[in-house]
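The residues making up each chain are set out below.
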Amino acid sequence: MRSVALEPELPADHQPDTLPPDVLASIRLQFLQECEEHLVEFENGLLQLQTGSTDWEIVNAIFRAAHSIKGGAATFGMDRLVEFAHSLEITLATFRSRHSFPEPKLLTVLLRAVDVLADLVREVRDGDTLDQECVRSVSQDLATALQSSSPDGGAESDDLVELGFTPTPVSFESLDAEIRDRWIVEFRPHNALYATANEPLVLLRELHSLGDIEVDLDDSAVPSLSDLDPAEPLLAWTVSLSTSHDEAEIRQVFEFVDGLCDLTIRKEATESIQPAPEERASTLSEPKPIVRKDSAPALAPTIRVDLEKVDRLINLVSELVISEATLAERVLNADMTSAHTSGIAAAFDNLRHLTRDLQEYVMGVRAQPAKILFQRMPRLVREIEAQTGKSVRLVVHGEETEVDRALIEGLTDALTHMVRNAIDHGIEHPERRLKAGKPAQGVVRLNAAHRAGRVVIEVSDDGQGICRDKVRALAIQRGMISSADVLSDGEIDNLIFEPGLSTVDKVTDLSGRGVGMDVVRRSVQALGGRITVTSTPGVGTVLTLSLPLTLAVMDGMIASVFGQRLVIPLTTLLETIQVKESNIHRLGTAAILLTVHGRRVPLVDLGNLLGYGPSRDQQSSGVALLVEDDTGEQIALLVDDIPEQRQVVIKSLETNHCRVAGIAAATILGNGTVALILDVNSIVASRKVRPTPEMGLAVHA
Amino acid sequence: MRSAADKQPDSVQGMSGEVLVFRVRTQEFCVDVSRVKEIRGWTAATLLPHSPPYLLGVINLRGTVLPIVDVAARLNFPVGAPSHHPVIVVVWIETKQIGLLVDAVCDILEINENALQPTPQLSSATVQDLVTALVSADDRMIGLLALDRILPRLEDGIV
Amino acid sequence: MTSNKTVLTVDDSRTMRDMLASALIQSGYRVVQADDGVQAIGMLANETPDVIITDINMPRLDGFGFIEEVRSNPKYRAIPILVLTTENSPEMKERARKSGATGWLVKPFDTAKLTDAIRRVGA
Numbered sequence: 001m002r003s004v005a006l007e008p009e010l011p012a013d014h015q016p017d018t019l020p021p022d023v024l025a026s027i028r029l030q031f032l033q034e035c036e037e038h039l040v041e042f043e044n045g046l047l048q049l050q051t052g053s054t055d056w057e058i059v060n061a062i063f064r065a066a067h068s069i070k071g072g073a074a075t076f077g078m079d080r081l082v083e084f085a086h087s088l089e090i091t092l093a094t095f096r097s098r099h100s101f102p103e104p105k106l107l108t109v110l111l112r113a114v115d116v117l118a119d120l121v122r123e124v125r126d127g128d129t130l131d132q133e134c135v136r137s138v139s140q141d142l143a144t145a146l147q148s149s150s151p152d153g154g155a156e157s158d159d160l161v162e163l164g165f166t167p168t169p170v171s172f173e174s175l176d177a178e179i180r181d182r183w184i185v186e187f188r189p190h191n192a193l194y195a196t197a198n199e200p201l202v203l204l205r206e207l208h209s210l211g212d213i214e215v216d217l218d219d220s221a222v223p224s225l226s227d228l229d230p231a232e233p234l235l236a237w238t239v240s241l242s243t244s245h246d247e248a249e250i251r252q253v254f255e256f257v258d259g260l261c262d263l264t265i266r267k268e269a270t271e272s273i274q275p276a277p278e279e280r281a282s283t284l285s286e287p288k289p290i291v292r293k294d295s296a297p298a299l300a301p302t303i304r305v306d307l308e309k310v311d312r313l314i315n316l317v318s319e320l321v322i323s324e325a326t327l328a329e330r331v332l333n334a335d336m337t338s339a340h341t342s343g344i345a346a347a348f349d350n351l352r353h354l355t356r357d358l359q360e361y362v363m364g365v366r367a368q369p370a371k372i373l374f375q376r377m378p379r380l381v382r383e384i385e386a387q388t389g390k391s392v393r394l395v396v397h398g399e400e401t402e403v404d405r406a407l408i409e410g411l412t413d414a415l416t417h418m419v420r421n422a423i424d425h426g427i428e429h430p431e432r433r434l435k436a437g438k439p440a441q442g443v444v445r446l447n448a449a450h451r452a453g454r455v456v457i458e459v460s461d462d463g464q465g466i467c468r469d470k471v472r473a474l475a476i477q478r479g480m481i482s483s484a485d486v487l488s489d490g491e492i493d494n495l496i497f498e499p500g501l502s503t504v505d506k507v508t509d510l511s512g513r514g515v516g517m518d519v520v521r522r523s524v525q526a527l528g529g530r531i532t533v534t535s536t537p538g539v540g541t542v543l544t545l546s547l548p549l550t551l552a553v554m555d556g557m558i559a560s561v562f563g564q565r566l567v568i569p570l571t572t573l574l575e576t577i578q579v580k581e582s583n584i585h586r587l588g589t590a591a592i593l594l595t596v597h598g599r600r601v602p603l604v605d606l607g608n609l610l611g612y613g614p615s616r617d618q619q620s621s622g623v624a625l626l627v628e629d630d631t632g633e634q635i636a637l638l639v640d641d642i643p644e645q646r647q648v649v650i651k652s653l654e655t656n657h658c659r660v661a662g663i664a665a666a667t668i669l670g671n672g673t674v675a676l677i678l679d680v681n682s683i684v685a686s687r688k689v690r691p692t693p694e695m696g697l698a699v700h701a
Numbered sequence: 001m002r003s004a005a006d007k008q009p010d011s012v013q014g015m016s017g018e019v020l021v022f023r024v025r026t027q028e029f030c031v032d033v034s035r036v037k038e039i040r041g042w043t044a045a046t047l048l049p050h051s052p053p054y055l056l057g058v059i060n061l062r063g064t065v066l067p068i069v070d071v072a073a074r075l076n077f078p079v080g081a082p083s084h085h086p087v088i089v090v091v092w093i094e095t096k097q098i099g100l101l102v103d104a105v106c107d108i109l110e111i112n113e114n115a116l117q118p119t120p121q122l123s124s125a126t127v128q129d130l131v132t133a134l135v136s137a138d139d140r141m142i143g144l145l146a147l148d149r150i151l152p153r154l155e156d157g158i159v
Numbered sequence: 001m002t003s004n005k006t007v008l009t010v011d012d013s014r015t016m017r018d019m020l021a022s023a024l025i026q027s028g029y030r031v032v033q034a035d036d037g038v039q040a041i042g043m044l045a046n047e048t049p050d051v052i053i054t055d056i057n058m059p060r061l062d063g064f065g066f067i068e069e070v071r072s073n074p075k076y077r078a079i080p081i082l083v084l085t086t087e088n089s090p091e092m093k094e095r096a097r098k099s100g101a102t103g104w105l106v107k108p109f110d111t112a113k114l115t116d117a118i119r120r121v122g123a
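Protein chains in written order, with this note's numbering: chain A, 1 to 701; chain B, 1 to 159; chain C, 1 to 123.
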C-alpha cells in the first residue's frame, strides 16, 4: 500500500492562482507521455475487438483511454485534441450505453480515428500542424458509421452528435437586480444533505465569509428525547446576512446542497425572482460506467524508474566489472603462487562471479518485451496498405520476448524499413497474387525469440521473393561484380545489403531516398548484431536479425598485433591455428592462403591491414585466427600471439570520435588501456571483393 | 583593433573572456577556458588504424574513449624533441571530448575582444585554417585555436 | 489557508495527481495520494483525511463506486468528498449526490476553485 505524504513548503498564506510555469511545463510533458500510453491501450483494444474478442472490459478500457486524454487535454487548453477526443468518446459512450460491440466497419473507422488522435497529440507536442481535412473526414466517418449502426435508425445518435462540449465550469450570470445590503436566507436541510457529509455549520460559516450574519435556529420541530428520530431533519436556520455580494454568490454557497434542503434566499423586504444560474456547459450526461468488480487482472507490482537512472546504474556496474578485472590482474600478476595459496585467487573468483551476476541482473532491468518494438507496426502496415493499394495482414509472434531497451531504440527504424520493404518490394498487388494462386491478402510476419543465447527477430513475407536477375544485373551495372563472376543464390541475395543497390525501378518515396538495406545492416551491426536474408522466388523472403542479449558486454579474444591489443568477438572466432611453412600457400605476390582442414582460406596480415606495421608477407610462422563473418565467409587473421579469452565491456568509439573502418567499438582492458574491437564483417569484406581504387581501408579524406 | 575579417571566427563568438594558454614547441596557443574539461598527464595511446599522423590514438579517460590529437603535428610543425612531461588538455567540441597533446600549460589570461587580431596572411595555410585570431598580451602573440577544425570529421572507410 | 489539513486524492492519471498535489501543497494542504479506489479504501484504514478528492473514471472501481463504498462505513460518513468531473449537468450532480459525494469540481479548474471547493465542504 503506497502512501505518499507531501509536506507543504511555501508559506501558508501564499495563494497562487496558477502553478509556476516550469511545474506546469513538466506536468504537461508528462501528460503527453501518458497520452502515448493511452493511445497504445486504445489501439490494442480496438485490434482485440477486431479479432473478435467479446470482453466488455476492453470497451471500458478504450473509453477510459479516450476520456483521460480528453480530460487532460482540456486542462491544458489543447482545443483540437479535446474536440476530437470528445467525439471519439461520444461514439464509444453510445456503444457502452447500448451494451453492444462496435461492428467491423466502425472498428476500421475507429482505428483511423486513433491514428488521427495520435497525430493530434503529436501536433501538440512537436508543434506541426495537422491537416484539418484529415481530422474532419474521420470525424464525419465516425458520425456516419455511428448513425448507420444505430438500432433506431440514427435518431439517438443525432442528439449525441449535435452536442457540443465546452470544458468550462459553471459560471453564474450577473444579475439584473440591484444588490441590496440585507438578505434573508432560510435553510432547512433534508436527511440526504447529511448523507453526503455536507454540514450546515460549514454552510453557515461560508455565509459568514460573505458578510455579517445573524443566525436564528429554529428547533421547534425537535421533539422530546424519547420521540427523537435522529434520521429526521429537525433543524432549520434563518440567517440575516448583510453583504455586498450578489445573490449568485450567496446561492453558490449552497451549490452542493441544492435540492438537499429547503432553501430560500430573499432580499429583505423585497421579493425578487431569481433566474436559475445559467449553465454554459454540455448537457451530455456522464455515461453510466459499467463496474465489474471482479474484472481486474492481478497486476504484478512494478515501479517506474527514470531511464537515466537505469543507464547510470548500468554504467557504474560496467565500470565495476572493469575495476574488478584491473584489480584482479594487478594482484594476481604480482605474485601468482602466494595469491593462490593465500586464498586471494579464490576470493577474486568469488568477486568475479558476484560482479558478473550483478551485471546480468542490472542489464535485465533494461529488458523490455519486444512488443514495444512491434507497437508501431500495425499502423505502419495500414498506412502502406493505403499508399500502395496492396492488402496486407500483419502477424506478430513472440511479443513477450525480452529485449534490451537500447536494442528497441536502435532497431525501430530498421524494423520500419524492413516492413516497408517487405510490403513494397515483396508483397504483390492482389490481382497478381490471385493469378499466382495466392490469397489476395499478403502476410507479413514478425517473430521475436531467444535462440542460443541471442535475440532473433525475423521479418518475413509471402511475396515474390528477391528478383535475383535484377539484383545481379544491377550489381554488374554498378561495378560491384563483373559479368564473369559466379555467385551463389545466397551471395546474390546478400547483395541487397550493399550500398547503392536499391533494387527498385522507380524510386518511390516509401523506401528510396538513401535509406537502403545497407543502412539497416549498419544499424544492426552497430548494436552488435548480424542480419541475413533467405529468399525463395515466388514464395517469399525472410530477413533474420541476430542480436546479443545484452549490449554492453561481449566475450572476446584479446590478441596482440604489433604491440597493439585487439579484441576479436568470440562469436566470429572458429579456431586458432599455428602457421607453419607447411600450411601456407602463396598465390603469386598478391595473396597468401592458409590451408585449414583441407580448404584454403585467405591469410590476412592484420597488422599491415590496419596500418600498424610493415607487411609480414614473407613470414612463415606465427598464429592465425580463423574467423567468419555473417555470411559464413572465412578468413584467417595473422596475429602476434595466442589470444586469451576475456569478457569485455563495450565502449563506443563514436561518442568522441567517428566510425573507423574495420573497427566495431572499443573496450578498456584490465590494465586501463584501450583495446579496439574488430569489425570482422568489414575486414572479411575488404578481402573478398576484387579491390578497386575507391575501396580500401582509407579512413580520412 | 579588429579589422573587418571575412568571417567571424567561430571561437570568438560566445567566448567567456578567459583563455587557457599552452605551449606547443616554442609557440603559445590558447583556447576558450569554457571549452576545457580537464588537464591530465600523458598516457600511451592505443593506435587507430590508418589514422593521420596527428591523430595519436585513443586513451581511457575514466571509462570514456578519448581521441588524442598531437597539436604540433596538426599544425605541421617539423618533428622535434618531444617534451619531457607532455600534457593532455581535454576539450569539448560540441558534444564530443577530445584530448590535445601539448608540451606544457602556461597560464589563464583574461582577454577582451579588442585584444584579438586577425591571423597574418604570411602564415602557412594550416595555421590560417586552425588559428582564428591572435591574442596579444604584453609582448606575447598567442594563437587562438579553432577547436571545431582541430579534428576534421574523418570520412567513414569504404569497405 | 493556515490549515495543515490532509487531502486524499484518488486518480489513476499521474498528470492529474501531480496537478492536484502541486496546487494543494502550495495552498498549504498536506496531500496523500492513491492510484485508484481500492487503494484509497485501504489507505483510509490507516488515516482519516480531512477531505477526499476523487476522479470518476478509474479502472477496477470507479469514483462513484468508491464513494458508495466509503459511505457504507459509518466511520466515514462525515468525510467531505469532492468528485472531479468534466461535465456539469443535473444528471452528474444527481449521480454524485446519490453516491454520497459532498460536492464536485468541474475540470478544468484552477487553484482558486480547488481551494474554494475544499473550503466549502468544510475542510
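I should point out that these hints are in silico values taken from the structure, not numbers from a laboratory. Hints are not guaranteed to be accurate.
What the hints assert, rightly or not - Rough simulated footprint, nothing fancy, chain C against chain A, three-plus residues with beta-carbon under 8 Å:
id	segment
1	40 to 46
2	65 to 73
Claimed, not checked - Away from chain A, derived, C-beta distances all over 10 Å, residues of chain B:
id	residue
3	E18
4	E38
5	D129
What you are looking at is a predicted structure, and each value in this text was computed from that prediction instead of being measured. We treat Cβ as the ideally placed atom computed from N, Cα and C, and that holds for glycine.
Structure-inconsistent hints, enumerated in ascending order | 1
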